[in-house]
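**Student:** Work out the full structure, taking the sequences as your base and the hints as a guide.
Residue numbering for the sequence shown follows UniProt numbering, beginning at 1 and increasing consecutively.
Bear in mind the hints are in silico, worked out from the structure with no lab data behind them.
Please read these numbers as outputs of a predicted model, since none were measured by experiment.
Be aware that one or more of the hints could be misleading.
Derived DEER-like restraints, expressed as beta-carbon distance ranges [unchecked claim]: (1) Pro332 with Ala240: 40 to 50 angstroms; (2) Cys149 with Glu272: 53 to 63 angstroms; (3) Asp269 with Glu131: 49 to 59 angstroms; (4) Asp207 with Lys166: 15 to 25 angstroms; (5) Gly41 with Leu114: 39 to 49 angstroms; (6) Glu131 with Ile16: 46 to 56 angstroms; (7) Glu280 with Glu200: 32 to 42 angstroms; (8) Thr132 with Ser267: 34 to 44 angstroms.
Virtual Cβ for every residue (Gly too), placed ideally from N, Cα, C.
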Amino acid sequence: MTDRSLHLPVAAQPSIESIVDFAKRGEERGYEYAWLPETWGRDAPTVLTEIARETETIGLGPSIVNVYSRSPALIGQTAATLQEVSDGRFRLGVAPSGPAVIEGWHGVDFDRPLRRTREYVDIIREVLSGETVNYDGDIFSLSGFRLRCDPPEEPVLIDAAGMGPKSVELAGRFADGWHAIVFTPEGLEERLEDLQRGIELGDRDPDDVRVTFSLTACALEDGERARELAREHMAFYVGAMGTYYRESLSRQGYEEEAHEIAAAWASGDREEALDCISDELLDATSAAGTPERAREELQKFAEIDGVDDIAVGFPRGATTEEIETTIDALAPEN
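**Tutor:** This is the structure we're talking about:
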């Protein structure tokens with residue numbers, strides 16, 4: 001049976017306490033993990049520490065931390081610390097993010113993202129082993145240091161996020177899991193083939209690679225309000241977050257719509273961008289509407305062979321009450 005997790009809100013929330021409250025609500029409702037995105041707001045490790053202190057059973061981790069703004073050794077140290085703070089409930093998600101954030105916010109060249117991700121996974125694993133790290137890669141060379149504290153008793157599993165064929169293949173070859181986002185059911189099945197190819201190239205057991213799919217969801221009695229929020233969310237991601245989401249939708253058969261959304265957004269016509277998102281595209285990439293309809297849409301993804309966990313995400317414009325309502329409506333117990 002497919003697990004159900006929370007992909008905590010990507011938009012800024014009123015306080016850290018409000019984010020922690022969502023995680024606590026998820027724990028009470030039986031969600032498996034609370035995944036916290038890190039963009040250009042509150043940093044993930046600090047908030048995850050608060051979540052760890054205020055919860056007891058729910059797993060937690062970032063989805064994702066990027067592989068440019070912190071060194072791989074520092075991410076390894078942070079993972080070890082969060083595993084200790086959470087009593088073994090931490091799982092790490094890493095990925096390149098995209099040039100819009102890496103260059104525009106962090107001021108770092110978006111260089112060799114796949115190679116960089118591979119080296120981060122390797123180095124973080126060496127750091128977490130507790131042994132002296134001696135690593136000679138194409139990007140990083142480290143030698144002579146080891147963790148000053150004891151390594152985690154419970155190993156930290158490392159997931160990689162990705163949208164394109166090569167990044168998903170990399171996750172299959174080297175990571176403990178793949179985090180997916182913005183896929184249609186058919187597009188997700190196609191990328192799962194890339195994941196399987198990576199697993200075979202790495203001579204790995206498919207059961208050792210966990211697939212988490214983050215699905216934008218909104219379940220409200222006012223179904224039209226829920227769908228409008230999901231439509232606004234997609235318009236922002238396709239229009240404002242660089243080319244990654246547009247390219248992903250194009251690969252999945254929505255090239256014309258993706259480019260129309262991006263063009264309308266770039267021209268400043270937000271209403272036109274929303275109008276470019278058809279009901280078909282919205283239904284293919286989200287679970288939004290009345291609670292009954294949202295559960296039906298979510299189930300399409302949960303039934304895909306190879307998906308281990310559906311992480312329920314939320315439109316960036318949703319209110320606290322709307323997020324709480326959706327958490328309750330889409331809980332595993334339902």
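**Student:** Run every hint past the structure and note whether it holds.
**Tutor:** Here is how each hint holds up against the structure:
1. Pro332 with Ala240: 40 to 50 angstroms: 33 angstroms, violated
2. Cys149 with Glu272: 53 to 63 angstroms: 54 angstroms, holds
3. Asp269 with Glu131: 49 to 59 angstroms: 56 angstroms, holds
4. Asp207 with Lys166: 15 to 25 angstroms: The hint (15 to 25 angstroms, Cβ to Cβ) holds, given that aspartate 207 and lysine 166 are roughly 23 angstroms apart.
5. Gly41 with Leu114: 39 to 49 angstroms: At 27 angstroms between Cβs, range violated.
6. Glu131 with Ile16: 46 to 56 angstroms: 35 angstroms, violated
7. Glu280 with Glu200: 32 to 42 angstroms: The hint (32 to 42 angstroms, Cβ to Cβ) holds, given that glutamate 280 and glutamate 200 are roughly 34 angstroms apart.
8. Thr132 with Ser267: 34 to 44 angstroms: 55 angstroms, violated
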